[in-house]
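In order, the protein sequence lines correspond to chains E and S.
With the numbering used here as the guide, the letters of the first sequence map in order to residues -8 to 290.
With the numbering used here as the guide, the letters of the second sequence map in order to residues -8 to 290.
Certain hints may be false.
Since the list gives no way to pick one copy over another, a pair counts as held whenever it fits inside one copy or between any two copies.
[As the list claims (entries may be wrong)] Each computed SDA-like pair below joins lysine to any residue, with the alpha-carbon atoms no more than 25 Å apart:
| id | residue 1 | residue 2 |
| --- | --- | --- |
| 1 | K102 | N264 |
| 2 | K15 | G136 |
| 3 | K95 | E253 |
| 4 | K15 | I204 |
| 5 | K104 | P287 |
| 6 | K15 | A242 |
| 7 | K104 | N90 |
| 8 | K284 | R156 |
| 9 | K284 | G116 |
Since the hints were made in silico from the structure, they are not lab data.
These numbers come from a predicted model, not from an experiment.
Chain by chain, the residues run as shown.
Number of protein chains: 2
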Amino acid sequence: MHRPTTIITSEHVIYHFDATMEAKWRVKAGDLIEIRCPDGVHGQIRTETDRYKAVDYDHVNDAVGPIFVEGAEPGDRLVVDIRDIQIPQNWGYVLLIPNFGLLKGNIEDAKTKIVAIQDGHVNFGNLRIPLDPCIGTIGVAPIEGRYNTVIPFDHGGNMDTTAIRAGARVHFPVNQVGGLIAMGDAKAVMGDGEVCGTGVGVPINVFARFEIIKGKRLPRPIIETATEWQFVASAETLEAACKVANEDMIAAISRVHGSSWEEAYMLSSLVGNLRISQVVDPLMTVRMAIDKKYLPTID
Amino acid sequence: MHRPTTIITSEHVIYHFDATMEAKWRVKAGDLIEIRCPDGVHGQIRTETDRYKAVDYDHVNDAVGPIFVEGAEPGDRLVVDIRDIQIPQNWGYVLLIPNFGLLKGNIEDAKTKIVAIQDGHVNFGNLRIPLDPCIGTIGVAPIEGRYNTVIPFDHGGNMDTTAIRAGARVHFPVNQVGGLIAMGDAKAVMGDGEVCGTGVGVPINVFARFEIIKGKRLPRPIIETATEWQFVASAETLEAACKVANEDMIAAISRVHGSSWEEAYMLSSLVGNLRISQVVDPLMTVRMAIDKKYLPTID
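Could you put together the complete structure from these sequences and hints?
Listed below in structure tokens is the structure:
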């Protein structure tokens, strides 16, 4: 990999994705950028006696940025091409937080588990889990208003989606000049669902290139992998999120194949796969995936 | 594959999984059985002018059976080891049904699409989709009461889960003597979610062996693949189903690893993957999968 032209650090972080937020870095599309992100609790958890008693929306999920990508204008699409994610630390944390997580009714006391990272694996008791780092929070300035970095929505944000990993290209709408991207809240490993409310929280160094696709704005993030398009949606319930993701997929199928809404809906039922991203944030996030052999492009 | 010792046909079908239903066939554990299942609408759809205007709960999702497995007693576990699924027909149907499916608000008129099956693929327009048949409805007699075959619940039923395919072993609770299994409502291909309300509906011939695991009753179905355990749960909402599946996984992890509930919950968050089975039936079905390298057995 080439050396990055710019290294972006946690010198500046945001706790809200805000339509009016100011850029703190400025980069060119195509350049390799390194973004050094703190962990999702900004270093507040170091030992198992450090506990997280409640989600403090003012001091959690800080996202490094905002990054202004030159040439990105409202109506465009901004692609974050994630080339590599490195974990510059040999341990991570898993948290149980009262009133947080899928089974929050069962959590009376906060609990912290520190796990070692060794030889490409997380050690959990005597189990060894291969590292597969993902970016939990990544987004752009919204069209209007502001969203705490804990909240996922159409601007991205806390999507906690395992598919946002090295090799993925994440397509975002450009809502404000420069796009104003920010990211953080990484996990070294995490399952689909993030049921207890966290994966293995770690800092990461992301190596990425930004790409602008002019005039092809999307309503919401779409993840592109080598083989799939994944339409991401966040809503109050999983069912509501499923509907939005399905509608977005149907729109893309209709656009690309020129098929009727009904035919596209049928095809989405045969080869579209609804997947759970997270069920805890507190909006729910799903993605609906389709193999590129059935949908080569989304434009 | 050896020849089946028994061929079970649609001579007898059920429209309810009933605690008091009578067995129509009797088989021995270990024998290879062929079960010939009609399609999910029992042949009512033959052409694109045959339309399905409403889900008729009295004449849909008929399941072939009930099959009494000798030696299966309440408190046991019954495993259906699916060896092969063959499709004895060169076409299938996809339906849009008013007031049914994830985006039912958009469906004004019933619509039927007949698709050809050729050389191991479904032809959908000029797309060729590889056959991957699954059993939509499969279950046992419940502990009490009766469930229409359209409804998925703890006895199984209309789980519409793509993972119930050849090579899978599906573990069921034995609630009544003989287990009383029945199955049908197959799809030649289907995506996770079954969003439009159907996959490609076809008749199938299932080749399966039944196995009894004495005294190891489960609360709900679990799918075993070569590499995974998948804890299946159906409920009014996806969130509620996710909770049940996660609780079942935590219980198995605690049982097998001797870990605390909290540790098991954390592990489930790191390596457990919540997956959507279907969002339309009208209860929702999910499964939570864990690699056997993290959970070699469930007992």
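Could you tell me which of the hints above the structure violates, numbers in ascending order?
Result: hint 6 breaks, nothing else.
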